[in-house]
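Visitor: Let the hints inform the model, and build the full structure from the sequences given.
First to last, the sequence lines map onto chains A and B. By our numbering, the letter at position 3 of the first sequence is numbered 3, and the numbering carries on one by one without gaps. By our numbering, the letter at position 235 of the second sequence is numbered 235, and the numbering carries on one by one without gaps.
To be clear, the hints were calculated from the coordinates, so they are not data collected in a lab. Quick caveat, the model's predicted, so the values are computed rather than measured.
Across the chosen pairs, the derived CB separations fall in these ranges: (1) A/Leu195 - B/Gly143: 40 to 50 Å; (2) B/Phe44 - A/Gly323: 39 to 49 Å; (3) A/Arg140 - B/Val130: 39 to 49 Å; (4) B/Asp176 - A/Ala178: 57 to 67 Å; (5) B/Asn233 - A/Ala231: 25 to 35 Å.
Where is the CB? At the ideal position from N, CA and C, for every residue including glycine.
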Amino acid sequence: MTQTSPTSPAAAAATRYTELTRWRRITRSSAANITVLYGLLVLGLALATLFAPGELNFFSEGNLAVLSQQVPIIAILAIGAGILMIAGEFDLSLAGMSTLAAYLLSLAVSRWGLGLFPGLLIALAAAVAVGLVNSFVTLRLGVPSFVATLGMMFTLRGIVRWVSIDPKTGQPGQITFAAGDGFKNVLSGQVAGPLHAQALWLILVAAFAVLLLNRHFLGNHIFAVGGDRDAAQKSGINVAVAKVTAFVLCAVMAAFAGIVQTARIGMVDPAQTLTGLELEAIASAVIGGVYLFGGRGSVLGMVLGAALLVTIENVLVLLRFPGEYMPVFVGSMVIISVIINTNFGARFSAPRRSL
Amino acid sequence: VIEPQLVTGPIEGAAGGRYAGRGFFDRLRAHPAGNVTVVFLAAFAACVLAGLFWPASFRFLSQNNFALLMRAIPPIGIISLGVGLLMVAGEYDLSVGAVFGLSSYMMVFAYVAGVPLLLAILVAAATGLVAGLINGGITLAFGIPSFITTLGTLFILRSGGRIISGNKPLSFFPPDWFQSLLTGKLFGVIQAQFIWFLGFAGFAYLLLNRHWLGNHFFAVGGNRDSAVSVGINAGRAKMAAFVISSLFATAAGILSVTRVNSGTTETQSFMELEAVAVCVMGGIALTGGRGSVIGICLGACMLRLVQDVIIMAQLPGFYLDLFIGIVIVFGVTLNQVAKKKY
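Guide: Written out as structure tokens, the structure reads:
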């Protein structure tokens, strides 16, 4: 500020962005990078399909059907994990939670004979309980959430192996999903062409998340608490309520995703807790522009982040790459996205903090 | 006027001195390894008693069982020592499981390809060194949290290893002197691996408590800003800790590969999480700046002891998961209370 400015500082601040407003507003959106990236990816795939038809069957009906069934599961998990990350916390117990919910539902229906709705209630109650325990350990005991939920991840893995013990053999084992064809179709049936019910559920969940984050006071509180906890508290926001809501929502969405996935596959396996689903969810959110330390992120970004991960995985499969290349991609994308979010995106909003 | 004592002596000594006037139990509780020492001794005593009481069904006191424990503890123990030093410096390393597999595989790969054994070990060390430099470099250069960096490198190195190895294990038959140096027995009972573990623990102890670098780890992990303002090069200290963590994981990998005579990149997954659990159990503060080598060693012994008991008592395996999960949460809470109080 060596030059003398004719206007007052306030006016200068107001005019600073007027010329670039629209462009700035787009680039400042946390979903900007992922939208461009995903657009380019789809464009590239379209060109590749046009140039070499028959080589890459990305746009075939069968493949689109696979995508419309796989993207929603990761995306729903990513929305749960992403909302929690906006509130400034992590959840590593997602995979355990989704497997446990699917198990409880299947057990309630087929082994305990309780029927569908009590089974759903049990799964929901388990998710709420896990969310509450996670928030208690994090908020009351003061354990950093990624460690608290790491503990919950091991605990849930143990509980899943426990409930999965087959009374006949005494060993943990798979169980078939026997909640009836009607319920199965509602969750994962074919709607029209490649469009499956999972995609509609994703739209519903995403709409709910958008309304919560952008149109409800709780969403506002979640952003505020994640962005600057102390300032939020000083302006009268109940930090605990916002964070507990995010923890419980995350667990409930994980449970829902687990049940939807089980409806498609038709069985649950205790090994599903070991697939690294929680890391994929966090990776999707981070790739979608959710700031690692909270206070910044968008539902669109989370969904596109999940879509990007699943699409790349799908293309690698179509091109007959060995499955080992996928984690290399996920790992590098996570590091690069966090570097970008932390060093470039964040300067527009949240202050930098160490963990 | 109170002289600032931050970098003049080891923190442990300071804590011990501060409470010297108090009773033994206060000093024990003030020590980072206090809790784990009590718990481990109690658990060990309980196992011995149970072994005496039910000698037929609970064969804890057999020579085989001790040999088994002495073989099971060193890999996770050495990895945890490296991770623990890094945690004292205020950072995490989740990539150790992948480094463990990849660098030891590289050694076997080089040896099978005809490279002399000592050079092959250097190949492994170089792999570990590069992994540590990458972890530290990305974390420090871009200022992103180390648990994200190392989570990414965990993915990259693990599947990178699978791509290199094609998912096939390689047999590894080193010369006899090397085999017996690493996996032989002393007096018929003491496993050489356990001696190596004690050696690494001794090295880590000297580094942490008798070398300026260890002092810097405590200072940087405890309060980075005040460490920097008294002239400590925080970046150098953290980088050194990252490299040590990777090199310790490499060493554990070499030991393990030599024991099973086969190099594979399909390592035990979740070793990195077990290492964090061991460190937490051993009293390392998650926020850095507090911890002890004896705590890490006892934490590793405790973890494998519990596993051993679960196997011997023929309990279902999920008890180990439950144990690790509860220990992490409970241990972190205790450590934080202790850090605040002392």
